[in-house]
Structures are given as structure tokens and as C-alpha cells.
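K.L.:
Here are the chains, one letter per residue:
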Amino acid sequence: MAEPKKSDETVDATPNVTEIVQQDASTTSEVEAILDTRVDRGEPILQVRNLVKHFPLTSGILVKKQVGAVKAVDGISFDLYQGETLGIVGESGCGKSTVAKLLMTLEKATAGEVFYKGQDITKLSGRALKAVRRNIQMVFQDPYTSLNPRMTVGDIIGEPFDIHPEVAPKGDRRRKVQELLDVVGLNPEYINRYPHQFSGGQRQRIGIARGLALNPEIIICDEPVSALDVSVQAQVINLMDKLQGEFNLSYIFIAHDLSIVRHISDRVGVMYLGKMAEIGTDEQIYEHPTHPYTQALLSAVPVPDPEAREHRERIILSGDIPSPANPPSGCRFRTRCWKVQDRCSTEVPLLAIPERFQGLDSPVAHESACHFAEEKDVVGAA
Amino acid sequence: MPEPYDDGAIAGTGAGGAMDLATSEATTLEQQPSAASGGRAPGGPLGTGPSEKPRSLWSDAWRDLRRNPVFIISGLVILFLVVISLWPSLIADGNPLQCDLAKAQEGSQPGHPFGYNGQGCDVYTRTVYGARTSVTVGVCTTVGVALFGSFVGGLAGFFGGGWDALLSRVTDIFFGIPVVLGGLVFLSVVTSATVWPVIGFMILLGWPQIARIARGSVITAKQNDYVQAARALGASNSRMLLRHIAPNAVAPVIVVATIALGTYIALEATLSYLGVGLKPPTVSWGIDISAASQYIRNAPHMLLWPAGALAITVLAFIMLGDAVRDALDPKLR
Numbered sequence: 001m002a003e004p005k006k007s008d009e010t011v012d013a014t015p016n017v018t019e020i021v022q023q024d025a026s027t028t029s030e031v032e033a034i035l036d037t038r039v040d041r042g043e044p045i046l047q048v049r050n051l052v053k054h055f056p057l058t059s060g061i062l063v064k065k066q067v068g069a070v071k072a073v074d075g076i077s078f079d080l081y082q083g084e085t086l087g088i089v090g091e092s093g094c095g096k097s098t099v100a101k102l103l104m105t106l107e108k109a110t111a112g113e114v115f116y117k118g119q120d121i122t123k124l125s126g127r128a129l130k131a132v133r134r135n136i137q138m139v140f141q142d143p144y145t146s147l148n149p150r151m152t153v154g155d156i157i158g159e160p161f162d163i164h165p166e167v168a169p170k171g172d173r174r175r176k177v178q179e180l181l182d183v184v185g186l187n188p189e190y191i192n193r194y195p196h197q198f199s200g201g202q203r204q205r206i207g208i209a210r211g212l213a214l215n216p217e218i219i220i221c222d223e224p225v226s227a228l229d230v231s232v233q234a235q236v237i238n239l240m241d242k243l244q245g246e247f248n249l250s251y252i253f254i255a256h257d258l259s260i261v262r263h264i265s266d267r268v269g270v271m272y273l274g275k276m277a278e279i280g281t282d283e284q285i286y287e288h289p290t291h292p293y294t295q296a297l298l299s300a301v302p303v304p305d306p307e308a309r310e311h312r313e314r315i316i317l318s319g320d321i322p323s324p325a326n327p328p329s330g331c332r333f334r335t336r337c338w339k340v341q342d343r344c345s346t347e348v349p350l351l352a353i354p355e356r357f358q359g360l361d362s363p364v365a366h367e368s369a370c371h372f373a374e375e376k377d378v379v380g381a382a
Numbered sequence: 001m002p003e004p005y006d007d008g009a010i011a012g013t014g015a016g017g018a019m020d021l022a023t024s025e026a027t028t029l030e031q032q033p034s035a036a037s038g039g040r041a042p043g044g045p046l047g048t049g050p051s052e053k054p055r056s057l058w059s060d061a062w063r064d065l066r067r068n069p070v071f072i073i074s075g076l077v078i079l080f081l082v083v084i085s086l087w088p089s090l091i092a093d094g095n096p097l098q099c100d101l102a103k104a105q106e107g108s109q110p111g112h113p114f115g116y117n118g119q120g121c122d123v124y125t126r127t128v129y130g131a132r133t134s135v136t137v138g139v140c141t142t143v144g145v146a147l148f149g150s151f152v153g154g155l156a157g158f159f160g161g162g163w164d165a166l167l168s169r170v171t172d173i174f175f176g177i178p179v180v181l182g183g184l185v186f187l188s189v190v191t192s193a194t195v196w197p198v199i200g201f202m203i204l205l206g207w208p209q210i211a212r213i214a215r216g217s218v219i220t221a222k223q224n225d226y227v228q229a230a231r232a233l234g235a236s237n238s239r240m241l242l243r244h245i246a247p248n249a250v251a252p253v254i255v256v257a258t259i260a261l262g263t264y265i266a267l268e269a270t271l272s273y274l275g276v277g278l279k280p281p282t283v284s285w286g287i288d289i290s291a292a293s294q295y296i297r298n299a300p301h302m303l304l305w306p307a308g309a310l311a312i313t314v315l316a317f318i319m320l321g322d323a324v325r326d327a328l329d330p331k332l333r
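Read top to bottom, the protein sequences are chains A and B. So the first sequence is numbered by full-length UniProt numbering: it starts at 1 and just counts up by one. So the second sequence is numbered by full-length UniProt numbering: it starts at 1 and just counts up by one.
Think of the hints as simulated: they come from the structure by calculation, not from any bench. You may find that some hints are simply not true.
As the list claims (entries may be wrong) - Each pair of labels, with its calculated beta carbon distance range:
no.	chain 1	residue 1	chain 2	residue 2	range
1	A	Phe247	B	Gly162	57 to 63 angstroms
2	A	Gly126	B	Gly275	56 to 62 angstroms
3	A	Gly171	B	Trp62	46 to 52 angstroms
4	B	Gly162	A	Ala325	36 to 42 angstroms
5	A	His196	B	Phe151	47 to 53 angstroms
6	A	Leu57	B	Gly162	45 to 51 angstroms
7	A	Gly93	B	Val255	36 to 42 angstroms
8	A	Glu166	B	Trp163	29 to 35 angstroms
Claimed, not checked - From the derived model, a few chain A residues whose C-beta atoms are all more than 10 angstroms from chain B:
no.	residue
9	Pro56
10	Gly93
11	Asp142
12	Gly207
13	Gln244
14	Ile353
In this text, a Cβ means the ideal position worked out from N, Cα and C, and glycines have one as well.
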């Protein structure tokens, strides 16, 4: 079957995909057939369209009344291409982890779609959802709470095979688990140990091995290294890089550490208060940011060279991140932006290539949700 | 893709085992420059040699328990209690109901080491025969309370929302029934002389305590990332509950249930004392303790022997519960 064509303009892609979904997915077996189709490198494997998650705020003891909603994720769209790493950065509370949970369907989306190979997985349930989960796996943030303390490493990594028995015949599982331990750089003899006998980095490797067990195509990493020491962070990141090549994985890499995201990502999306502020290749985002929020974030990255440090401009944002229960009208960043004008409070900036950069064959021509997008050299490298 | 570790797999014996050891040490050196901070070397203090069979939480717990003196002692006491509950005539050849009023309140004498009670019955025989009732009441009540309480509490905690509200309110209603008043009302209409109405009544009033604890610990356990990870793998609700939540939520239930076991035996005594629990001719420590309590100054032996038996029984169950809880927590190994 035809895959939705790669398109830079998200708006165009949507009807195309919807059509395909309507043709398919009438039965579970058809869904499974779709999941077996191969996606070539460079084709979108995951398409997120206007994804929304509102957590209701209720009041009242007996009769609950909704008085508002925390708009954790409020209309996010992006594509993930086969074999690439998409980094998502943003400060605490901007909705990064909620995006991860929505993509894993651990949370039910309030609105919007997530198309995996043209199949909207937010509407799936039962066997079809279970089949999708084989192909999309997750690595969790905290290696101390993401492994069941009462299961041995062998049981933890072998559990995917218990849940999806079709992946590995029973007699083969122990060998598979040991193979996985070896792949992530742990001694296969550790199979009978408990998680508390490992260090944080080793635990995260166990978490990665569990994610790899079903041979998924997409791995969603929710701050996989932020709980680890810096030296161990590098080891785990390099391991993930190596595994990506070995197993042809696509990563969604969520983090708040800009330099790590740059190291591993092919493309980067910057989130602010439940919306995507800017998205582009790592060069576009890091060398030619056009959204003021991205510029402010980048100006906070420590520069190891004292000479260069003197020349760079440090953008200090005033105020706190507004409450996602009551976000500012128009542009969400306007309360902290130094370029704010009247237009910002009335008109929501769309995530698109800004008009003035359209058609330019330059790295500044990437999607940025700002009315006054312009380049600003914040890194001081020039 | 690196070589699969065929030779290191499954249970090798003899020479195979020795070879595995060599392999494992080689891999440790090769692959684990960073391992020093975490896992110990194979064959370390845990004795996790290579070539072992796959192990599970329960098999490890059992291995641990067999080496625990607390478990062995309490286990032997409980085993002894169970045996004499089933076959009391093994160690007591008298009849607990054959009494001679002429010997009332007499102290220890040859052939009757514990003396006689107020009715002139042999205290030793009655203490041995009383074990059956007390153990039956204690164990059955605890098992019933633990099962029903964890079931209700677990469902309320796991599903949350409306189920939680409904089940928690039902729990509160039963929690509000006063034990003694409830006992007088419920049990006074029962004519059966067996232990079952008493057990049923105590389960009816006892389960809310366990349900609340189970609900709380299930809520704590289900928020852990490993439950989310299991869900992300496509695990069913029952799998998440049984494999991930229950083992991590069961410890407080075991502890509270074993402690409560003693209370149930004592509660049975209270109800018997009030005349609504067990009735003579049933032989029970509770009946004997309440009957003897009035004569504690004149004939303390009548009270001390059944009370001592009760205390040892309760202690044994509490120690057992403690040992089981420790064995189920790998972090304490």
C-alpha cells in the first residue's frame, strides 16, 4: 500500500493520511498487516497531528465539576522519519513527558492523531494496540523506578516475550535475554540478579534492553540520561547511538540538556508550554535559531571557551513559565519575550516557515512559531 | 550482532559449569570496564555463580527462608501447633471434657503437670485440645480477612475513580461497626456451636482494616514507572496486578495480617467471655482464659498455661510474618 508522501507542510499531509486510515483498519488482522509494511529510510514512520492533552481540573466532593484544564500538550504536530533521531527539548513542565506518554498511548489523547505507518494509534485498543506496542517502545527517565525491584533482570528483559509469545519461542527466551544483555554491554551472566545490585547506568542499560526485546522500530526515550552521572550519560548515549545503527531504530529523544540533544539528534523540536516553538535540523536550531525562546535557551548553554564567553550575549528571561491551566492568549511565550507587540496577544503564531524566509535556501528557513522570527547569533561562535 | 552466549545458557553441570565460569570472567573483563560501581563479581557474596537455573522471586525467598533461624523456629512452633490441632491425642491421652469437681483448682501433680481448672478438668489436656480451636479461628480468620480485604482494597486502588469511591465507602461502613456490640447482635442469633459463625463474623469486621492497607499500597505501587513500562509492553491488567503490583504491595498486608492473627484469637476469647462466641463444650484457650481470669490470685496456673500457649502461638505467627516479609524484599538480601 502507498505510504503518505513525505511532506514538509504538515497541513497538506493530514487529509492524505486520513484517507488511508479510512480505507484500512476495519479488522485487527488488517491493522497487523499494515504494521508489517516496511518504511524506507527517510519516509515518515510516525506523524503527529494536532495532538492535545488536557488534564481536567475538578472541584466538589460528591459531584465533580470540571472547572478548567491543565493544557499539558496543546496542539503539537511533527513527523518522525525512519532511522532518524528527533530531539524534543524544553524546560520542566512544558509537556515533553506527556508527549511521550501520548505517543505510547499510556495516556489517552484529548484530541489529535498519531499516525504510525498511516494508522491512527490513538483510536486503537485491544489486540491492535498490543500489536502496535510491539513496534513502539519506551525507555524511561528514572532507572530506579522503571525496573520492578522484585523481578530478576532475566524476568524484566524476558517479560516482553511473555506478553508477546509470538516473538520468541519459549525455549529460546533465556538465550535471547542473554543476547540482549550482551548487546547493551552487560555481562550475560547477570541474568539472575536484581535491579538494586546494579548502578544507575547499568540499570538504564537494562531498561534499554527491555525496550529492544521486541525489536521495535521506534523507541521513545523520555529523558533517558538525566538521572545519570555525566560520565555515564556519555556511555549510555553512545550505546543508544550504536544501537540505532545496528537495529535501524528511530528515536524520539526527550531531554532538557541541549548539548546531549544536539549530540544525538538529527532534528530538534523546541517545546514551550504545551506547544512546539521551533523545529528543524540540529544545525538549523543550534546555529540559526529564529524563535526568541530557542535563542534564550541556547544563550544559557555554558561555553567552555572563556574568550568566546566574553563576547556572547546572555539572554535573561524574566518571570516564570505561566501556568498551563491558564496559558497566555495568542503567543504562549509573549509574557517573557522581549520582542512582544500587540499582535502577539491576539494572534496565535503558527508553526511554519516564516514568510520572509520562505523559498530561501538557507538554514534560517525552518519552521518557527513566531510572528517576528529572525536570526540572532546567541552562541557567540561567529 | 555479537555472538550469542550459547555456552553460558541454561543449567550446565560439571565441566560445563567450569567452562561457563571462565567465559563469564572473560566477558566481565572485556565488556565491563564500568561495572565496578555496580554489580559484584560473579560468585560473589550472593553465590550467583554462572550456569544456575533461572530464579524467581519466590524461589529466592524460599531459599532465603530456609536459612533464617527466625523462620525455622517459628515454623517449627506452627508446625507443632498444626499437628496437635489435627491429632491432639498424640501428646495428651486424657479427655478434656472429663472433669472431677473434687479436684477443682488443684495445682500440678504427677500425671497432671498443669493442674486442674475450676471445673476440675485437666488443664494440660484442655490446653492441648484448645489449640485446635484457637489455631483454626486465628488462621481461618486471617486468611479470610487477608484474601477478601486485599481483593477489595486492591481493586479499589488499581481501578480508582468511581470503583474506588464505591468500595471505599463500603469499607468505611463495615469499619464503623463496633466489634463488641456487633458481636452481641450478630452472634446472639446464631445457634450453631461450631467455630464457623465466629470466624465469619470476625472476617466480616476484620476485612476493612486490610482493605485500607491494600488499597494504599496498591496505589503506591501502581504509580511506579515499571507498571507503566509493563503497560507500554502491552501487558494486561491482570498481569500488571499479579506480576508487578501485588508483589510490591503485599508486604504491609502480610505484616498487618500476621499481627492481627493474634488479635483474632484474643477477640475470640472476648466474644466467648461475653457468651456469644464459642460455647462450652467447645474447648478453647479463650474460654479457659476468661473462666480462669477470676481466680488469678488463688489458682494462677489455670490462667497462665492457656495464656502462655496463646502468647507463644501469636508470637510464632508474628515472627513468621516478619521473616516472610524480609524474604520477599530483595533489597534486604
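K.L.:
It remains to establish, for every hint, whether it holds in the given structure.
P.N.:
The hints, checked one at a time:
For Phe247/A and Gly162/B, the Cβ-Cβ distance of about 43 angstroms falls outside the hinted range of 57 to 63 angstroms, so the restraint is violated. Remark: the range hint 56 to 62 angstroms for Gly126/A to Gly275/B is upheld by a beta-carbon distance near 58 angstroms. Checked against the given bound of 46 to 52 angstroms, the beta carbons of Gly171/A and Trp62/B, roughly 25 angstroms apart, lie outside it. A beta carbon spacing of about 24 angstroms between Gly162/B and Ala325/A contradicts the range 36 to 42 angstroms that was offered as a hint.
Look at His196/A against Phe151/B: about 30 angstroms separates their beta carbons, and that is not inside 47 to 53 angstroms. At roughly 18 angstroms, the beta carbons of Leu57/A and Gly162/B sit outside the given window of 45 to 51 angstroms. For the hinted restraint 36 to 42 angstroms between Gly93/A and Val255/B, the CB-CB distance of approximately 38 angstroms keeps it satisfied. Between Glu166/A and Trp163/B the Cβ separation comes to about 33 angstroms, which falls inside the hinted range of 29 to 35 angstroms.
Listed as a non-interface residue, Pro56/A keeps its Cβ farther than 10 angstroms from every Cβ of chain B; the least gap is roughly 12 angstroms. In this structure Gly93/A is separated from chain B by more than 10 angstroms, as the shortest Cβ-Cβ distance comes to about 18 angstroms. The beta carbon of Asp142/A is not kept farther than 10 angstroms from every beta carbon of chain B, the shortest such distance being approximately 6 angstroms. Look at Gly207/A: its CB is around 8 angstroms from the nearest CB on chain B, not clear of 10 angstroms, so calling it non-interface is violated.
The Cβ of Gln244/A sits about 14 angstroms from the closest Cβ of chain B, beyond the 10 angstroms cut-off, so the non-interface label holds. No beta-carbon of chain B comes within 10 angstroms of the beta-carbon of Ile353/A; the shortest separation is about 35 angstroms.
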